[in-house]
Amino acid sequence: MSGGVVSGTVGYDEVQAGAELPAVTYPVTRLSLVKYCGASGDFNVIHWNERIAKAVGLPNVIAHGMFSMAQAGRYVTDWAGPGATVAEFGVRFSAPVVVPDDDTGATIEVSGKVEEKLDDHRVALSLTARSDGTKVLARARAIVRLP
Amino acid sequence: MPINPDYVGRTYPVSAPYEVSRVKIREFADAIGDPSPVYRDAEAARAAGHPDVIAPPTFAIVISMASTGGAVGDPGLGINYAMVVHGEQQFQYSRPLRSGDVVTAQTTISGIRSVGSLSMMTTSTEIRTTAGEHVCTAVSTLVERGAEAAGEGAA
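As you go down the protein sequences, you meet chains B and D in turn.
What the first sequence shows, in numbering that gives the first Met the number 0, is residues 0 to 146, in sequence order.
What the second sequence shows, in numbering that gives the first Met the number 0, is residues 0 to 154, in sequence order.
These are calculated hints, taken from the structure and not from any lab test.
Wrong hints could be hidden among the right ones.
[To be verified] Taking CB as the label site, the calculated pair distances span:
id, chain 1, residue 1, chain 2, residue 2, range
1, D, V101, B, A22, 20 to 28 angstroms
2, B, E13, D, N3, 47 to 55 angstroms
3, D, G131, B, P21, 38 to 46 angstroms
4, B, G37, D, D40, 18 to 26 angstroms
5, B, G17, D, G77, 43 to 51 angstroms
All residues carry an ideal CB built from backbone N, CA and C; glycine is no exception.
Make the full structure from the sequences, and use the hints.
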């Protein structure tokens, strides 16, 4: 599945602890990074200038960590549906997403699992994000409040 | 040079008010590639139980980063921003940010530590409406790579 919606609307009562959620692959190109620079206000040169990125020891231009986190966030909100709200969301950036200057760019594959059901209609999800076989988000976790 | 640990506990001034707009939310949603109508269409947002178009969860970084920038740029800390990467990010939400919100942000440095050639600084930024309602707390850890780390892999 590529860039689509994981699911529609999930009700708290239907969710089972331990359930694995299907992985979704999101594309990231140089254009994505240019757009994210403008939308976020983060114009750090390592996200758009290959010359400087390499000069400071990176393999190439890298995606904003927050772009990867945004994809994980999209994964969560697509799964939970529009009636749900995110109560907590946290990640550790464990490796950069390297984005080559070609027509395909890179991909970020996000998968998740229902870690536990909490009170007040809340559910804790553990998330994994990989790019080119490397884990790019670690200790990624979201708590969502479901209808 | 490690980040100056004397700055732990320092709180920076409240930011100028930021008005969350539908146009900015749509731009951000487009940039992250998320087509959800609740980020674009007030009717769709209302049908989902929100008063107006809401922002994607990570939109809060737009507001918090502008505020933490004041701390990161504090000359007394001695941070070389070119060597900074994002280490960790957490958000705690009371509710989604939405179009029409007028919010301020205030950043406190909650931790500074050094491990080998890496220095880490954790900041906590509270985003509240100008009426005082808590919307989100953003906790960011920035990592400054030291000179030795920078040399590794450099051409």
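Here is how each hint holds up against the structure:
1. Here the CB-CB span from V101 of chain D to A22 of chain B is close to 39 angstroms, at odds with the stated 20 to 28 angstroms.
2. Restraint check, E13 of chain B to N3 of chain D: a C-beta distance of roughly 51 angstroms satisfies the suggested window 47 to 55 angstroms.
3. At roughly 42 angstroms, the beta-carbon separation of G131 of chain D and P21 of chain B lies within the given 38 to 46 angstroms, and the hint holds.
4. The supplied range of 18 to 26 angstroms is met by G37 of chain B and D40 of chain D, whose beta-carbon atoms lie about 22 angstroms from each other.
5. Under the hint 43 to 51 angstroms, the C-beta atoms of G17 of chain B and G77 of chain D, about 47 angstroms apart, fit the expected range.
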